Amino acid sequence: MRALLIDVTKCVGCGACVAACCEQNHLPLEESTELGPYRYTVVRKVRTRRGEVYYRRLCMHCVDPACASVCPVGALRKTAQGPVVYNPSVCMGCRYCLQACPFEVPRYEWNSLTPKLGKCSFCAERLASGGTTACAEACPTGATMCGERDELLKEARARIAAEPGKYLPRIYGEHEVGGTSVLYISHVPFSALGLPENLPHDPLPAYTHRALSQIPPLAGTASLILAGLWWLTNRKHEVARKESGRTEREGLR
Amino acid sequence: MTRLRMLFWRWVALAILAAGAYATIVRFTKGLGAATNLSDQMPWGLWIGFDVLCGVGLAAGGFTITMAVYILHLEKLRPIVRPAVLTAFLGYLLVIVALIYDLGRPWNIWRPTVMWNPRSVMFEVAWCVMLYTTVLAVEFSPLLFDRLGWRRASQRARAAMVPLAVAGFILSTMHQSSLGSLYLIVPTKLHPLWYSPLLPWLFWFSAVGAGLAMVIFESGMSARAFGRALELDVLEKLARAMAVLLGVFWFLRLWDLGHRGHLGAAFQFSGPQALYAAMFWLEALLMLGPAALALSDRIRLHPQRLFALACTVVAGFLLHRLNVSTTALAAGSRYFPSWMEVAVTLMLVTLGIAAFRFAVLHLAVFGPSPRVREAPEVKPALARYA
Numbered sequence: 000m001r002a003l004l005i006d007v008t009k010c011v012g013c014g015a016c017v018a019a020c021c022e023q024n025h026l027p028l029e030e031s032t033e034l035g036p037y038r039y040t041v042v043r044k045v046r047t048r049r050g051e052v053y054y055r056r057l058c059m060h061c062v063d064p065a066c067a068s069v070c071p072v073g074a075l076r077k078t079a080q081g082p083v084v085y086n087p088s089v090c091m092g093c094r095y096c097l098q099a100c101p102f103e104v105p106r107y108e109w110n111s112l113t114p115k116l117g118k119c120s121f122c123a124e125r126l127a128s129g130g131t132t133a134c135a136e137a138c139p140t141g142a143t144m145c146g147e148r149d150e151l152l153k154e155a156r157a158r159i160a161a162e163p164g165k166y167l168p169r170i171y172g173e174h175e176v177g178g179t180s181v182l183y184i185s186h187v188p189f190s191a192l193g194l195p196e197n198l199p200h201d202p203l204p205a206y207t208h209r210a211l212s213q214i215p216p217l218a219g220t221a222s223l224i225l226a227g228l229w230w231l232t233n234r235k236h237e238v239a240r241k242e243s244g245r246t247e248r249e250g251l252r
Numbered sequence: 000m001t002r003l004r005m006l007f008w009r010w011v012a013l014a015i016l017a018a019g020a021y022a023t024i025v026r027f028t029k030g031l032g033a034a035t036n037l038s039d040q041m042p043w044g045l046w047i048g049f050d051v052l053c054g055v056g057l058a059a060g061g062f063t064i065t066m067a068v069y070i071l072h073l074e075k076l077r078p079i080v081r082p083a084v085l086t087a088f089l090g091y092l093l094v095i096v097a098l099i100y101d102l103g104r105p106w107n108i109w110r111p112t113v114m115w116n117p118r119s120v121m122f123e124v125a126w127c128v129m130l131y132t133t134v135l136a137v138e139f140s141p142l143l144f145d146r147l148g149w150r151r152a153s154q155r156a157r158a159a160m161v162p163l164a165v166a167g168f169i170l171s172t173m174h175q176s177s178l179g180s181l182y183l184i185v186p187t188k189l190h191p192l193w194y195s196p197l198l199p200w201l202f203w204f205s206a207v208g209a210g211l212a213m214v215i216f217e218s219g220m221s222a223r224a225f226g227r228a229l230e231l232d233v234l235e236k237l238a239r240a241m242a243v244l245l246g247v248f249w250f251l252r253l254w255d256l257g258h259r260g261h262l263g264a265a266f267q268f269s270g271p272q273a274l275y276a277a278m279f280w281l282e283a284l285l286m287l288g289p290a291a292l293a294l295s296d297r298i299r300l301h302p303q304r305l306f307a308l309a310c311t312v313v314a315g316f317l318l319h320r321l322n323v324s325t326t327a328l329a330a331g332s333r334y335f336p337s338w339m340e341v342a343v344t345l346m347l348v349t350l351g352i353a354a355f356r357f358a359v360l361h362l363a364v365f366g367p368s369p370r371v372r373e374a375p376e377v378k379p380a381l382a383r384y385a
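Chains G and A supply the protein sequences, listed in that same order.
Letter by letter, the first sequence follows residues 0 to 252 in numbering that gives the first Met the number 0.
Letter by letter, the second sequence follows residues 0 to 385 in numbering that gives the first Met the number 0.
Hints were generated in silico from the structure; no laboratory data involved.
Incorrect hints may appear among the rest.
Covered, in the sense of this in silico footprint (three residues per stretch, anywhere, with C-beta under 8 Å from a C-beta of chain A), are these stretches of chain G [unchecked claim]:
1. 2 to 12
2. 91 to 105
3. 221 to 233
None of the values given here were measured: they were computed from a predicted structure.
The beta carbon of each residue, even a glycine, is placed where N, CA and C say it ideally should be.
Produce the entire structure from the sequences given, and follow the hints as far as they go.
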């Protein structure tokens with residue numbers, strides 16, 4: 000499975016990744032620090048105790064994505080290569096994906112009559128033809144690297160081990176919601192980069208699965224119990240009716 | 000006086016329909032962004048929170064009463080089966096209309112029938128809405144067939160009532176609980192006082208309890224509107240069941256909060272958390288209060304007091320579902336419905352009431368009720384209050 004490694008210490012905020020992304024996806028290149036239906040990645044600046052820090056945000060391409068699991072028609076799916084891709088032709092526009100995403104990534108064309116979702120596609124076509132993502136290719140400092148997830152995790156660990164004083168001893172995305180295909184290493188707390196720190200290590204779809212998997216056995220048991228109840232109460236009624244009929248007849252005699 | 004009041008309500012209804020029609024035009028010519036206050040952070044608002052979550056929940060009286068009569072043979076409840084089924088049927092039709100407003104690409108609403116994703120709760124919801132609306136249509140159909148004089152069709156539909164009641168119970172149980180399951184996937188976004196792994200069970204118990212309150216409310220309203228007697232002997236039984244179900248709902252909720260160590264959040268009355276604690280206890284007051292009072296004969300057997308209890312429970316239920324779907328979400332403070340969202344919701348409620356009235360006037364919804372002659376003194380008492 001392919002992944003991106005984002006090394007926040009190396010980002011200089013040049014915006015080459017944004018320009019490459021907009022060109023690749025035929026999107027207008029406008030000044031913005033917010034993701035949008037026509038903007039799949041952004042570079043932001045944040046002031047910390049370690050000075051000004053630049054970082055980029057984009058879809059995290061979760062290993063077990065909540066958005067794909069909640070889509071009633073399978074318009075979103077995780078491909079074997081890693082990207083989480085969207086197919087607008089079957090989408091009903093229920094927006095459960097927006098609700099479910101723990102990173103608040105998917106954006107919606109609210110002012111369109113045929114609204115679509117906008118989010119990074121991990122350059123799925125480029126990957127499929129053996130290439131790398133447009134953003135990784137454009138990055139002049141190696142702050143965004145594209146590769147196999149296992150190898151990037153090794154690389155990240157090596158960088159942290161080589162300069163333990165510089166990096167925080169953790170890879171964001173290694174375990175969060177079961178792991179993501181976009182990994183961050185940083186010298187400033189991840190919460191400063193707007194990455195949620197309260198995420199469980201279980202994939203979010205597991206929370207739903209625990210409830211949904213109970214349905215078939217429960218529904219089966221319930222139908223049996225209901226049929227039984229119907230038979231019992233029906234019989235009680237019939238017996239009562241017959242008995243009252245008998246006593247009436249006996250009374251007549 | 001009465002005529003003046005009628006005139007007033009007719010104008011109110013007209014104003015609502017006009018505002019709703021305007022909002023409809025904006026929604027379908029300019030898009031969701033122009034008509035609603037929804038955003039990427041709050042993708043579901045009033046139309047999902049009220050029209051769908053509350054609408055489906057309050058329609059739970061339909062399957063509850065149907066099951067009680069056809070499966071458990073509680074013959075006493077038979078007079079209220081038809082109005083309860085009618086309420087549920089209209090409720091579900093309105094939910095579908097609301098979904099057409101809310102879905103961004105409503106022409107794809109049929110897609111879940113061919114594009115399967117059984118991992119999705121929304122997929123389950125879609126199937127339950129389709130199948131249970133069909134069940135309700137068949138359960139309702141004899142009224143229409145009788146009116147048209149199609150005796151054969153009517154008999155055939157009536158013969159299917161027992162399996163339909165079983166199917167209705169299963170589908171409704173799945174649907175009611177799945178509305179709660181929708182929120183299982185947002186453990187980090189929903190406030191701990193509302194998030195719970197038990198959400199599916201909590202939604203089921205609150206819906207059945209409030210669904211019975213809704214049957215009481217609807218009986219009271221139609222008794223007044225159509226000059227019928229109130230089935231107090233039946234309704235007081237429903238009130239007892241309602242009290243038990245709401246009791247179970249709150250027991251489960253409090254036990255689960257204690258079990259997971261979040262009960263403390265209910266006592267944070269200072270700082271930004273105070274709103275949540277206040278909402279939590281307001282819900283408890285509006286649902287547990289009436290449940291406790293319903294145990295008293297003096298209150299339960301009194302038409303006006305019973306009606307007031309039912310109204311309070313329905314209000315508490317609405318508050319709970321709106322809290323889950325808006326206030327208690329992390330981005331909830333950034334959302335308040337636009338006037339057009341409110342207008343569409345009010346329009347759908349108004350259309351529902353009008354459709355109910357139309358059905359009662361033209362179909363044998365209440366049937367020939369012998370109770371009209373037996374207990375005529377109940378009617379004016381309620382009329383004054385309601």
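With a C-beta cutoff of 8 Å, work out whether three or more residues of the region 221 to 233 of chain G approach chain A closely enough for the coverage to hold. holds (count 8)
Please count how many residues of the region 2 to 12 of chain G have a CB within 8 Å of a CB from chain A and say whether that reaches 3. violated (count 0)
Test coverage of the region 91 to 105 of chain G by chain A using CB-CB distances below 8 Å; three residues minimum. Our answer is that it holds, as 11 residues pass the Cβ test (under 8 Å) against chain A, meeting three.
Consistency note: the structure conflicts with earlier hint 1 alone.
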